[in-house]
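> Make the complex out of the two chains shown on their own, each in a separate frame, by following the hints.
Here's the letter readout for the chains.
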Amino acid sequence: MKKNSKRMVSAAIYSLLLFTLFGCNKEDVQKLPQRNWQLVWSDEFDGSAGMSPDSTKWKFDIGNGGWGNAELEYYTNRTTNASLDGNSNLVITARRELYSGSAFTSARIKTSGLFAQSYGRFEARIKTPWGPGMWPAFWLLGSNIDSIAWPQCGEIDIMELRGQKPNIINGTVHGPGYSGGAGISKNFAFESTRFDVDFHLFAIEWGTDYIDFFVDSTLYQEITPADLTGNWVFDHPFFIILNVAVGGNYVGFPTNQTPFPQSMIVDYVRVYREVN
Amino acid sequence: MKKIKSIYSIAALLTILLMAVGCERKFDGLQLATYPTTPEVFVDGFSSGLYYAAYGTSKVTAFSVDYNVKYLGVAAMKFEVPDTSDPNGSYVGGVFGTNPARDLSGYNVLTFWAKASEPANLIEVGFGNDMGASKYKVTLTNLAVNSNWMQYYIPIPNPSLLKEERGMFFYAAAPKNGRGYTFWIDDLKFEQLGTVAHSTFGILNGNDSIKDNAETGDEYTIADLYATFNLPTGINQKVGLAVSYFTFTSSNPSVATVDDYGNIEIADSGTAVITAKVGDADAEGSLTIHSTGESVGPNNPPPAPTIDPDKVISLYSDAYTNVKVDTWNTHWLYSTAQNLEIQISGENVMHYWDLNFVGIEFTSQPIDATAMTHFHIDIWTPNPTTDKTFKIKLVDFGANGMLGGGDDSESEVTIASPPLATQQWISLNIPLSAFSGLLSRSHLAQLILSGDLPNVYTDNVYFSDNGTQPTEPTTAAPVPTFSSADVISVFSDHYTNLAGTDFYPDWGQATIVSEVLIAGNNTLKYKGLNYQGIQLATNQNVSAMGYLHLDFWSVTSVSLNVFLISPGPVEKAYTLTVPTTGWTSVDIPLSYFSTVDLTNLMQFKFEGNGDIFMDNILFHK
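Chains as they are written, first to last, in our numbering: chain A, 115 to 390; chain B, 2 to 622.
Hints may be right or wrong, so weigh each one.
Reference listing, derived: stretches of chain A covered by chain B, where coverage requires no fewer than 3 residues with Cβ under 8 Å from a Cβ of chain B [stated by the list, open to error]:
| no. | stretch |
| --- | --- |
| 1 | 245 to 255 |
| 2 | 278 to 288 |
| 3 | 300 to 310 |
| 4 | 369 to 381 |
Here are the computed lysine-lysine pairs in the DSSO-like style, where the Cα-Cα straight-line distance is at most 27 Å [to be verified]:
| no. | chain 1 | residue 1 | chain 2 | residue 2 |
| --- | --- | --- | --- | --- |
| 5 | A | 241 | B | 239 |
| 6 | B | 312 | A | 279 |
| 7 | B | 239 | A | 279 |
| 8 | B | 138 | B | 278 |
| 9 | B | 312 | B | 212 |
| 10 | B | 177 | B | 239 |
| 11 | A | 279 | B | 116 |
Quick caveat, the hints were computed from the structure, so don't treat them as lab data. All of these numbers come straight from a predicted model, not from anything done at the bench. Yeah, the Cβ is synthetic: ideal placement off N, Cα and C, and Gly gets one too.
So here's chain B without its partners, still in its complex pose (with noise of 0.2 Å):
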């Protein structure tokens, strides 16, 4: 009925046509091999090279021919689902693909009938698997299948590329609920149909996705392969697609390459907008990367911690023997964060990048911080700093040791910009009392990093106990030498201040203000600072001035900010870099406040946490 030319008629039609040109003789009529176009697969038996192979893991048994149940004819596929406990396997699944392969190019639509002796979901079937390359598969998965014969369809993409196509179908289904069932399909054929339209095909399931803060030689594939049809039903189908029928092209090659399969590759700075098509049609979804080039990192190793071995424990440093630590990245769910244990200058420093949010676990053997201080972590980022934050969350497993029990407790420490800063090594050294929330550490288990930074190197992870601390200064804060004259005070020993200033007004804080003597010398105390507010008794006039000046200390604060209000209000914040070694003298300009009226100052805040001392709070020329 219909020609089978195989591989080997290809190559001698190709040796007469040589020889047909050496002889100058004329074949008229004479066409290129091509591979049959049978349209049937299954109608009442296995079409003409036609085989069946089961999955290797699969229930090999399931598939049969059934001459009872069919929808036409005289035979149907039968396909015997077994209960999950069936030893000799617990689902079924395979291949029924060709051989020589078929010209499939003057059809678009994979057609059957289908039930099942029970209403159930086949987990996926489709054509294009020829158990190598299967480079173009189309799969339709979820079938919803019933006791009542139903007509499916799996439409062809793009026909044109399937002139030599092996796979003629291919199912997996699984036990429902544990038990097994039984479904027939019938009438498997291909066909031409006019009445499938409206093809659409996309990628990245449809979305216009950006990846931001890639770097040179990222690898990134393109995923989520689909065409939608309306069938003759008038209903939308999806399918999955295989990534060979679609074309890719990178709107900026120089920034980023992408291959026949999808994959990109970062190869400079800038902006490129990955796209993809089918044949003609344009596809849905795209990916924006922008990268900012050659990889920036750290050239030389953060310096060496210098306490004593004794009184540390370290999760990861070249400088101690670190504890356990069963995973530097637990790749949570939302969790995008990639890492990777990179040496500079022999140095081991872990490297992540993506990071939104990383899990650090050390759950087999929990850590008992209770003698500790102070946890330390040094990190060097490439991406700016102004504005952003990076977080550290410690987690305490409680009593039980184990995730849950109502034991557990965890505390997160916001750090900005400052002490955060671009392209150098930051030595954060933060007091445990500033982990408020944990009510134990003797059981701590997770260690949390997130924030806005995506690129970060750490090193030096570790607690460390830093002898007694201080709970308050020593020494009076140093004698501001600005003449009296050039002055506006608000809180100092040394000079004449504003009268009538309201030191501790309630805004609703939870800040205990007191004063106290450090030395003989008047001192501002915070105590558990959340935030807290000076009202001025008269809106003052600095504009004449040219800084506010302060001195503060504090061994257990990580955040710090001072705020001048005028009416409005409008208010401005400044960092103050917290905690202190001893007293900390500050001079802002009072240009970095020129957002708020400073001929009508009302009002100071301050936000945070810990506690705080603070003295000589003036403004002066």
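Here chain A stands alone, though its shape is the one from the complex (with noise of 0.2 Å):
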């Protein structure tokens, strides 16, 4: 069904990392060591237009509920909630209609029990949404949820952005003693451009004791046993979730100035693993 063109050779990439000091000018540069990544895993979402997302490799979450956070939309598997565009990309629409007894429907897919991976580098390339109580999110749960819960099981928030402040992203880790609201977080701002106008690289990468997190290429945040407030999760495989969600206690609730439909459009998703 669907052919995938993918270099699937082993593509060893080097990345040269800058560090962004804080409280220090642009100009203040910290050359990290360098890592030797080997591409495992991707989806560079090739297919005709309207298509469904590969089988192989995504599953569709569907329903209402709120998902623990609230969320006032009905996820579906429709291709009018998520669909291929034709030019190699994914785009996850979120519609202001009433489905199932929910007054917005969107999508919300993932690798579980197909895809799972501990550490290594975990990146997608996203055009966000916008608008309030537009909650677009790039993420991964440990694969064991269903046998320990959350927030044993950990979680890594890649990207997530309020749609009211669509220049603004997060990334954040929830774990046992630092969940919700309580995540180990911080934003990455643009100061005179916003996440929807143009695509973004949003990544982690992740060993056994540190997680960094990117935007394009600069680091916003190091995540450190140290800094946790409990223990650290996050050495065991996780999945990957691509959703957008609608209101939500992280996000409010949309309003009638809320433009619909949102899409968030991802170019694609890729996992790499450390290689010597």
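In structure tokens form, the structure reads like this:
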């Protein structure tokens, strides 16, 4: 069905990381150690317009009920909520429409049961939706969630955005003792552009004792066990989730002025592991 | 700080350049004169070159500089909205301009902070009002302010156009529920914000509108111009735009031209689509024009009426003295009708176009048409009339002579085709009894024309007394001359009729059916027709026949259709021309009813109004 034109050849990429120090001028940069990455999983979202995302890579979460956050949408597996655009992008679209008792629809897809990995580099190139109440996210959940439950399983939010602040994203980890509003978090803000006018790369680089958060080539947050107010639970495989929530505790209600429909456009999702 | 150069420096510069060529001297680093790019309008005081002018009719003392209430710094702009009853002015408004003009092309938004003594909505704020052409005016209407300082944004749609702008800010505000309040504006300045994004533009409120039946020479103007921007707060904001931000295109300039100001003129028949752009961005909304070309109108006036003036109350005719008509077009809400009186061979004719409905009022002197028997109007339309209607409504204001009061009544008559016909004068002479919903006609005050014909010329609008109308024929219907071998007769004294026909089946109708003797001849009478059936005892095969024949007589009907019906039911209507002058005989080719199964004919049906007499209902070869 789906032809994968992906380079699955082991592509090693080398990144020279520039660390912008807080409180320093832009010119002051810190050289981070070289890391050598090998691609192990990706979806480039090639395919014809209107196709559902590759079912060998993604499953749908379906339903409403708020997903633990008092979200307002009903997640469906309809192509009107998630489909390829024919230009090698995945488009997740939130709509203002009555559907099975909810006032909004959207989509939430995950690699649970299909792909999970511990450590490495997880990245996605994304253009976000906008408007009050829009809550797009690219995030990871511990794949043991069904056996030991949240937050013990751990959660890594690589990118979350509140639509009323279209120039600010947050990177956050949740775990036992630092979940929900107590998650360990930092934001990254553009001064004179927004995350919805162009694609940007959101990434983490995750090792046994660190998680580094990036926007494009900028490292804006490093979390180590010392930063946590609980145990380090980032030592087992995590799976990937992409979704656009509408409303909810994190973002607040959409307003009449929120333009709908709103789409999160994902160019690709790639996962690497570190090789020596 | 900033270099300020005036018009004169441009002239001087040009002179120098010309001289430079002549002398073959090089002027490295010379730049064309530009206007200052000062972004501040009012931050802690008037910026360089800023002046204030209050609108002439407003309370001109409303604006002052406040050193106590301010968002930041040392001062804010304060506006005191008066009470409605303030003798010095009942609203506030004005313009902040600059001299010299400024180059705003490096900015994309005007921002400010505002608060008010109580929640209120300002009528409008914006920039680009230079108290002249205001070519690049941008208006944000109904701005909600409250007692907290909040930041507001007015985006610049196409900054590259604003290289010489004098209108820095304008505002207008009115009392709230008749009472005044105060609002403040601070940190008013132009900025370049990357966090303002996703601009869209539109004309006609973003609608794809259609203009049918346009004619050569008609003029229209594109209105309702806007832009929307997504603000740094994620919400969309709509602003009204001056026309100069847009460029307009006609898909077919030979049909319709459009100028820089969105003015459209129809040049020929055909279809043209008007679209617009702001810079390189397509605007939402369009106007599709279907033009019928050169205006088609009557070459001659209608025949002059011949009724004695003593028996006429005329509203519009050169043949009579007309009573006072307050208006020939009330321009009621949702009415698109336009009208113009024209002369044809010296005769006045009223032309209506874009006619959906039009009110004609004579309320100041209502008409007492109690003694009149008919309403007359001549109409001429260039429009096709097949399956179209023209409607005439009369409204009586009742004993109080005024609209309302529970004593008003109205009635509408619908004219079908025929008698409607295209490009010829049609004389409609409608018995007032056909306006059956009128409880009285002693205080007639409105005439309302409507229907499906957008383009109608009218003349000779009058009520007349045509004398006592006969209520029934005085002579029998003409005796048919068909050979009895060639006839299947349903109702006639001259042939053997089909047996067992039911002339008054109960289909829930209001019509009163009777058989009456007219000059010794049995005649079918429908009194107060709404509809009426005739049920044949057994279904008939009339396919060997060529025509349906019938004779009919009516002075009160203005609508009459006859239907043939086969099982299904499958039915087909034929329109009979009423009222009649004496008996009318018709022979309708059965091919007209070809959609009906003529081998299995089951029923007749009549629909219409008034009192009808009929005879010799039969099929013949």
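> For each hint, tell me whether it holds in the structure or not.
Consistency of the hints with the structure:
Only residues whose C-beta sits within less than 8 Å of a C-beta in chain B count toward coverage, and the stretch 245 to 255 of chain A has 3 of them, enough to reach three; the restraint holds. Against chain B, the stretch 278 to 288 of chain A contributes 4 residues with a C-beta closer than 8 Å to a partner C-beta. That satisfies the three-residue criterion, and the hint holds. Counting residues of the stretch 300 to 310 of chain A whose C-beta lies closer than 8 Å to any C-beta of chain B gives 6; at least three are required, and the coverage claim holds. Given as covered by chain B, the stretch 369 to 381 of chain A passes the check, having 4 residues with a CB less than 8 Å from a CB of that chain where 3 are the minimum.
Taking the CA atoms of residue 241 of chain A and residue 239 of chain B, the gap is near 24 Å; set against the 27 Å cutoff, the hint holds. Taking the CA atoms of residue 312 of chain B and residue 279 of chain A, the gap is near 79 Å; set against the 27 Å cutoff, the hint is violated. At most 27 Å may separate the alpha-carbon atoms for a hinted pair to count; residue 239 of chain B and residue 279 of chain A meet this at roughly 19 Å. Simply put, residue 138 of chain B and residue 278 of chain B have alpha-carbon atoms about 17 Å apart, close enough for the 27 Å limit, and the pair holds.
Taking the CA atoms of residue 312 of chain B and residue 212 of chain B, the gap is about 43 Å. The hint is violated against a cut of 27 Å. The hinted pair formed by residue 177 of chain B and residue 239 of chain B meets the criterion: a straight-line CA distance of about 23 Å does not exceed 27 Å. A threshold of 27 Å between alpha carbons decides the hint, and for residue 279 of chain A with residue 116 of chain B the separation of about 22 Å falls inside it, so the pair holds.
When held up to the earlier numbered hints, the structure conflicts with 6, 9 and fits the remainder.
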